[in-house]
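In the order they appear, the protein sequences are chains A and B.
What the first sequence shows, in the working numbering, is residues 1 to 310, in sequence order.
What the second sequence shows, in the working numbering, is residues 1 to 247, in sequence order.
The hints are simulated quantities; they were obtained by calculation from the structure and are not laboratory data.
One or more hints might be untrue.
Computed Cβ-Cβ distance ranges for the label pairs, DEER-style [said to hold, decoys possible]:
1. A:Ser132 to B:Ser18: 21 to 31 Å
2. B:Ser18 to A:Lys133: 21 to 31 Å
3. B:Gly86 to A:Ile244: 56 to 66 Å
4. A:Arg15 to B:Ala231: 33 to 43 Å
5. B:Leu121 to A:Asp112: 38 to 48 Å
6. B:Val31 to A:Glu116: 34 to 44 Å
7. B:Asp136 to A:Glu68: 51 to 61 Å
8. B:Leu232 to A:His103: 49 to 59 Å
9. A:His103 to B:Phe235: 17 to 27 Å
Subject to a maximum C-alpha distance of 30 Å in a straight line, what follows is the list of computed DSSO-like cross-link-like pairs (lysine-lysine) [stated by the list, open to error]:
10. A:Lys253 to A:Lys243
11. A:Lys133 to B:Lys9
12. B:Lys13 to A:Lys133
13. A:Lys178 to A:Lys133
Don't be surprised by glycine CBs; every beta carbon is placed ideally from N, CA and C.
Listed here are the chains, written in short residue letters.
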Amino acid sequence: MIRVSGLTKDYGTRRAIESLTFEAEQGEILGFLGPNGAGKTTTMRILTGYMPPTEGEATVAGYDVVAESIEVRRRVGYLPETVPLYNDMTVFDYLKFMADLRHLPNGDDRVDETLEMVGLEDRAEGYISNLSKGMRQRVGLGQALLHRPEVLILDEPTIGLDPGQVVDVRNVIREIGKERTVLLSTHILSEAQQLCDRVLIINKGRIVAEDTPANLQASLIGSERVMLRVRGEADDLIDTIRKIRGITNVQPKEDGVLEFQFAPGQDVRAIVARTTIEAGYDLLEMRPIGMSLEDIFLQLTREENVEVEV
Amino acid sequence: MRNIWTIAKREYKIYFSSPLAYIVMLIILSVIGMIFALNIINLTSNPFGMNQAPDVSVVTGPMAFMLVFSAPALTMRLLADEQRMGTLELMLTAPVRDWELVVGKWFGSFLFVLTMIGITLIFPYLLNSMITPGIDQQLMLSSYLGIILVSAAFLSIGVSISAMFSNQFAAFFLTMGLLVIIWFLIGIPGQILFTGGEFFKYLDMSDRFYNSLNQGIINLSDIVYFLSVTALGLFIGSVAIEMRRWR
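So that you can see chain A by itself, here it is in the shape it has in the complex (with noise of 0.2 Å):
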């Protein structure tokens, strides 16, 4: 459905995306993670027909972006970052417009199911000044929805909103996915864990990772990582577990807290419990702690020269 490769796109001296390949197949969700100014807005605006890459070719649901870019804004959805509106029109009558320009038939219809779809069937007739955020992202992605497109591109489409919008706005997304292609990006690193199939780390205009979330996350845990509460300190402890064979690294963090890392495989908290008793402190809580896909964000987009081959 998506086709990137080898794209390049510079602002003057200053690259913002470098070499980007990936695709992305129908029916797939694809998260783009990444800090701000990573390029994800700028790859967006490729994928859409809003701007030409310096280098490199992209192909959206099979037509070229640049030679045919008409075709491909006709099948994609987009909801730029800003959710820009006709503040002066009623929801029904900007959605009608958008719906006149994509040459809808029985516009007046369309527009009415996509207002149920996004949930703002009672607010048709009012004026987009009047919205609040959450209700203006919904009318953005109404208008995306309108032709029922292939292909959906979402700059942060939950940014701003309540928890109880974004939930709304996230099952809308995940209904969507189910048959569509869904490009979306987001610097939530929970959003990209629950909705997306898969996930592409952009750091600096380059992609530094690329996988299920799951896999990420497995793949960049190098230990096993464990936390200890005990009652009181337990500054004497460390020191007795760091000897304990197989223990990798031991740490404190709060008072009567510590976490412990020991390499895959060696499963010593038997031993590490037998110790910590043994050795007078009552044991409170034993838990491992899973490297979260914020770790692996922060890892990766901290370090320089990181890039993970998956």
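Go by the hints and put chain B onto chain A.
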């Protein structure tokens, strides 16, 4: 084609919900009305009889003058607003060609000005009922054709400049400057220079209006001139929009 109409329809409606457009219309129609009334009063109160019946050009002449200053006001927001509000990104990612967007915006403003010109038809009508055997029909036709062509050209210049800015007022002043030049100033070198003066006379828009169309002369070269200026304006506007993609 359909896109042009969709966009034009929207812009036309927006004019009627904006105070600026009403003010422009009000002022133009009031000024024309006053000039018309003063003309009639002046001629009819002359105890020595009328010298010459007023003709339609007392309506279209002032209107052209006023358009130099009001066309910029009508076009300044057309594309500058889209840029400022961020909705240009929507238009440029919709299946609408750049020139369709520009022509649509122009056409919406053109329809608005045509509406205003249509309202001024009341004056020739009144004139016709006051004069025997009636007003000069050829003059009426050519004057109104002239003002329509002038509007088309002015508005296309305005739209193309609106495409270049995100600030409405910059668009307003540059448009007004250009219109003042092309209307009042560009013919002047033609009267000063010994050779090559015809070039400036050729470009002088007010000459083509006041001395030709507004006097009943319908010349193909004048029509081609106005249509060319209109087309050039729309072309430049499209190029300006396309250039935004490359930034």
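Status of the hints after comparison with the structure:
Range check, A:Ser132 to B:Ser18: Cβ separation about 25 Å, and the 21 to 31 Å hint holds. As the Cβ distance of B:Ser18 to A:Lys133 is approximately 26 Å, the hint placing it in 21 to 31 Å holds. Distance hint check: the CB atoms of B:Gly86 and A:Ile244 are about 60 Å apart, consistent with the given range 56 to 66 Å. Checking the proposed 33 to 43 Å range against A:Arg15 and B:Ala231 shows it holds: the Cβ atoms sit about 39 Å from each other.
Take B:Leu121 and A:Asp112: their Cβ atoms lie about 41 Å apart, and the range 38 to 48 Å holds. For the hinted restraint 34 to 44 Å between B:Val31 and A:Glu116, the CB-CB distance of approximately 51 Å leaves it violated. Taking 51 to 61 Å as the suggested C-beta distance range, the pair B:Asp136 and A:Glu68 conforms, at roughly 56 Å. Judged by the Cβ atoms, the range 49 to 59 Å given for B:Leu232 and A:His103 is violated: they are separated by roughly 29 Å.
Between A:His103 and B:Phe235, the C-beta spacing of about 25 Å keeps the proposed range 17 to 27 Å intact. With a CA separation close to 19 Å, the supplied pair A:Lys253 and A:Lys243 stays within the 30 Å bound. The straight-line distance between the Cα atoms of A:Lys133 and B:Lys9 is roughly 28 Å, inside the 30 Å bound, and the hint therefore holds. For the given pair, B:Lys13 sits about 26 Å from A:Lys133 by alpha-carbon distance, which is consistent with the 30 Å threshold.
As the CA atoms of A:Lys178 and A:Lys133 are separated by approximately 26 Å, the hinted pair is consistent with the 30 Å bound.
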